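Guided by the hints, dock chains U and F onto chain W, whose structure is given.
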Amino acid sequence: MKRLLSLLLLCLAVPVSAQTGLPPAPYADRQLDDPQQETAARDLMEELRCLKCQSQSIADSNAPMAGDMRSQVRERIAAGETPEEVRNWLIERYGNWVSYNPPIDSAVTWPLWIAPIILLFAALWLARGRFRKPKDRE
Amino acid sequence: MIAETGLIALWLAAALALLQFALGAIGLRAERNDYFAAIRPVAVAQGLFVSLSFVLLIWLFLRSDMSVRLVVMNSASVKPLLYKFAGTWGNHEGSMLLWVTVMGLAGAFIALFERSLKRQTLVATLAAQAFISLGFYAFLLVSSNPFERMFPVPAEGQGLNPLLQDPGLAFHPPTLYFGYVGLSVAFSFAVGAMITRDVGAAFAKAMRPWVLGAWIFLTLGITAGSYWAYYELGWGGWWFWDPVENASLMPWLAATALLHSVTVLATRDGLRAWTLMLAVVAFSMSMIGTFLVRSGILTSVHAFAVDPERGSFILALLAIYIGGAMALFALRVGTVKEGSRFELVSREGALVANNLLLSVILALVFIGTLYPLLVEAVTGEKLSVGPPYFNLATGPLALLLAAVMAAGPLLRWRRDNPKALLNRISIPVLATAAALFALALFTTGMSILSLLGLALAAGVGIASFAPLWKRNLRRTPIHTYGMVIAHFGIAVALVGMASESSFTEERLVAAKPGDEITVNKWKLEFEAIEPLAGPNWTALEGRMTAQYGDGVLHEIKPQNRMFAAAQTQTSEAALLTRWNGQLYVVLGDGDSEGRWQVRVWWKPFVTLIWYGGILVALGGLLAMVGRLRRGYKQRKQREFAEAML
Amino acid sequence: MNRWLLWVPLVLFGLFFAAVAVGLMMPKDNIIESKMVGKPMPEFALPSAIEQRPALSSADLKRGKPTLLNIFASWCVPCIAEAPQLLELQRAGVEINAIASRDTPQDVANFLNRWGNPYTRIGADTTSKVQLELGSSGVPETFVVDGNGIIVHQHIGDIRQEDVARLLELLKDAE
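Line by line, the protein sequences give chains W, U and F. All residue numbers for the first sequence refer to this note's numbering, where the first residue is 1 and numbers rise by one. All residue numbers for the second sequence refer to this note's numbering, where the first residue is 1001 and numbers rise by one. All residue numbers for the third sequence refer to this note's numbering, where the first residue is 2001 and numbers rise by one.
Isolated chain W, as found in the complex (with noise of 0.2 Å):
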């Protein structure tokens, strides 16, 4: 039942105290000029995690520290990185965690990219007894 009050007493309801006074990075709530760029960024924030409030992503935490990830992720994708690059470097620092999309060629993630083809087959070759030839002329 409390999928939303964990949601909103942890995350969305900011401690006031503890906090920094200093403003936010420069682009951590100023969206690119270059639309296109502006939706890549948008794209990869809502796929990283926040360092700080953990079960959100950094577009959408208040938290100081996302808003600085927010920024650098803007920066970077200004200065023409593209957002797999940004990724890497994050998860270079932080690990996978840091991503929430797992990826593909890691020794411990595969087995979920290739989790829907198999249970695909095992569902099929489930089902294949069920059925009854139709008869050939009736």
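Take these hints with a grain of salt, some might be off.
DSSO-like mimics (lysine-lysine), calculated; alpha carbons at most 27 Å apart, straight line [as the list claims (entries may be wrong)]: (1) W:Lys52 x U:Lys1382; (2) F:Lys2129 x F:Lys2062; (3) F:Lys2039 x U:Lys1382; (4) F:Lys2065 x F:Lys2035; (5) U:Lys1470 x U:Lys1337; (6) F:Lys2065 x F:Lys2039; (7) W:Lys52 x F:Lys2129; (8) U:Lys1470 x U:Lys1419; (9) F:Lys2062 x W:Lys52; (10) F:Lys2035 x W:Lys52; (11) F:Lys2065 x U:Lys1382; (12) F:Lys2062 x F:Lys2039; (13) U:Lys1521 x U:Lys1557; (14) U:Lys1382 x F:Lys2035; (15) U:Lys1512 x U:Lys1557; (16) U:Lys1118 x U:Lys1337; (17) U:Lys1205 x U:Lys1118.
It is worth saying that the hints were derived from the structure and are not from the lab. Quick caveat, the model's predicted, so the values are computed rather than measured.
Chains U and F only, in chain W's frame:
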């Protein structure tokens, strides 16, 4: 005295549950008819006592009895009445009592009104239901007594967290509980049927209303929860694939599959073992969901009232119920006669496809949710599985499922001609192709999944009404209308989802009063910032006007709220709904130069997501009414015929 | 139907049960460790955070002698708790450099006046840029850096009394 009475009623109910279980278990073994006769009144009495206990707890909350620990911890005397009332189940103990109360009432209901089931199966079902309840009684009485007193008596309670004081709390959790309990009844039916090896159409017909009812409540609960998250959290999102959300989605997926397989069992006496398994899985998913949320085992779940000890208790219950049922399944189902077979191209074939796709989606959500836990336990590495995975893994399967949904109702039972199907479905297919063509031509930058989703929704929307084609609409059974509306609701929700994800426009600006913000055809005038005081908060309120094209001026007032007691800050988004979408405005922090962070979204057709959900639930309700009416009529006819003989 | 197939659900459930039972018993932590441990210090150059101390750049961290790099902030409560331990380390002859996270010169100066200043150099990281470079996810954090600028250890959270000896040992090993 109220609290003591409540506790005594709870103990009595627990004792009656034990008696109910013993009567059933011994009666079945010894084939004692007098035991069978006694089990019904015992079940009714259990339902009454546990309800009394719950009503007394509500009473304690309503009169703010500060000598009861639970009231002190979760209520305050100055709270609005609605939240005192909802506060009863806005906590661990109260929600567990609500759960076991609904379960007791369901048992009483079965004892009173279930007439079509074989006697042994009914007794076994009631015994299984009592067995499940016993676990919850033990949980309440041993480790989470809701009636515990507190000394010294404090003058005032600690209050419900201000953030939870939302009508959503009164509605969302109980709705999900009703759904879970409905699935527990289906589970008890399945266990009963496995014990007596009586799996057939009569069993399916007895179980179906409970599955339908549970499914309606789950649908409503998830829809309401999604909208609550959407307007309350202020991120403009409606589904985050958060583990807690997945925990509520998994029972729904299982219930949806069960709903369709039980139809095959009721109509064609097929899919016997599979339906039993699904009934077990559906209830397992609600227990597992409760466990995941309450134990706080998943890092990403910042659930409140998380308690590993309670988590262990729920896990133990889970092991007994689910492990037991699955062992029973393995031992007994081999001797249950296999149901009738059918051809691939047939209504049954489509329903099997539905079941397999739903099961695969369910398994993927399950794996994706628990995978980080598994990896960390084995390798110590931390990783995240989020929206990119779930969307990519389940999205294509969901679209395939929607296509099957369009075709299924147009197929005949047992066997059909593939060519005839193509003939019947030609218009929806053309509509999908036309929509695909138009979208490819007139839009840019849509993701493939959204593009296909939107195009498919057009076809599915039309196809959902096809079962009514050329039929006498007045003689069409009500449950057929139910199916049509539910399937149409899925298409509607699909449009909303695809549209929201493809066409949402966002503006982030640092604006001064007097500035104008534009997004799509909307013009927003930022007029002023005003301070505002509420009962337990102060806020800064943005005064803005919004205009769509040359339309009417609307006032909107997003707020930035500070709760004094909790030292927390929240944004209250302002939402403006038009027929073609929603304007979503969030007021952020101010800076030293008098500018305010304003975040504006225009979300075309986003409301269709929840209207779709409501339509689906409404369709379920019609199906249930239709089924119950038909069952009632048939029984009356049968009784009449028997009386004539 | 194959009889063994009927046992598959129970086996899967058993696996699930084992996984969550282990998960339930594992101590819960939300700590995200930096993957930069064992790698060279990323290049950076931060301006000075207060007048009394010079600025900090990555070049300052590879001068042949192992150093500590402490990330702190005046608005961070645990940073106050670790201040005595940092002073103790400084007295033991350790060079401690610092990054002030999202802070103003005035606040940093006040903080150091009140709780003591064990730092040789203090760089001001106003937008968490260097913190992100380091793979650090909060304050306070302390990195042990060897004389060649290789990060050998990351200490997350405040330094307690019992951590001092271990940090000294790590610094010695890094020589």
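> Is it true that the CA of lysine 1205 of chain U sits at most 27 Å from the CA of lysine 1118 of chain U?
Replying inline: holds, 12 Å
>> So if I understand the rule, the pair passes when the alpha-carbon distance is 27 Å or less; does lysine 2129 of chain F with lysine 2062 of chain F pass?
In response: holds, 20 Å
>> Run the distance test for lysine 2065 of chain F versus lysine 2039 of chain F: straight-line Cα separation, threshold 27 Å.
In response: holds, 17 Å
> CA of lysine 52 of chain W to CA of lysine 1382 of chain U, is that 27 Å or under?
Replying inline: holds, 15 Å
> Taking only the CA atoms, is the gap from lysine 1512 of chain U to lysine 1557 of chain U under or equal to 27 Å?
Replying inline: Holds, at roughly 15 Å.
> Can the restraint linking lysine 2062 of chain F and lysine 2039 of chain F be considered satisfied, given a maximum Cα separation of 27 Å?
Replying inline: Cα-Cα ~13 Å, so holds.
> Under the criterion that the straight-line Cα-Cα distance not exceed 27 Å, is the pair lysine 2065 of chain F, lysine 2035 of chain F satisfied?
Replying inline: holds, 23 Å
>> Just to be careful, I want the Cα atoms of lysine 2039 of chain F and lysine 1382 of chain U compared with a cutoff of 27 Å; is the pair within it?
In response: holds, 20 Å
> If you draw a straight line from the CA of lysine 1382 of chain U to the CA of lysine 2035 of chain F, is it 27 Å or shorter?
Replying inline: Judged against 27 Å, a Cα distance of about 12 Å means the pair holds.
> Taking only the CA atoms, is the gap from lysine 1118 of chain U to lysine 1337 of chain U under or equal to 27 Å?
Replying inline: OK: lysine 1118 of chain U and lysine 1337 of chain U at ~17 Å, within 27 Å.
> Can the restraint linking lysine 1470 of chain U and lysine 1419 of chain U be considered satisfied, given a maximum Cα separation of 27 Å?
Replying inline: holds, 19 Å
> Taking 27 Å as the top limit, are the C-alpha atoms of lysine 52 of chain W and lysine 2129 of chain F close enough?
Replying inline: holds, 16 Å
Of the hints listed earlier, those the structure fails to meet are numbers 5, 9, 11, in rising order.
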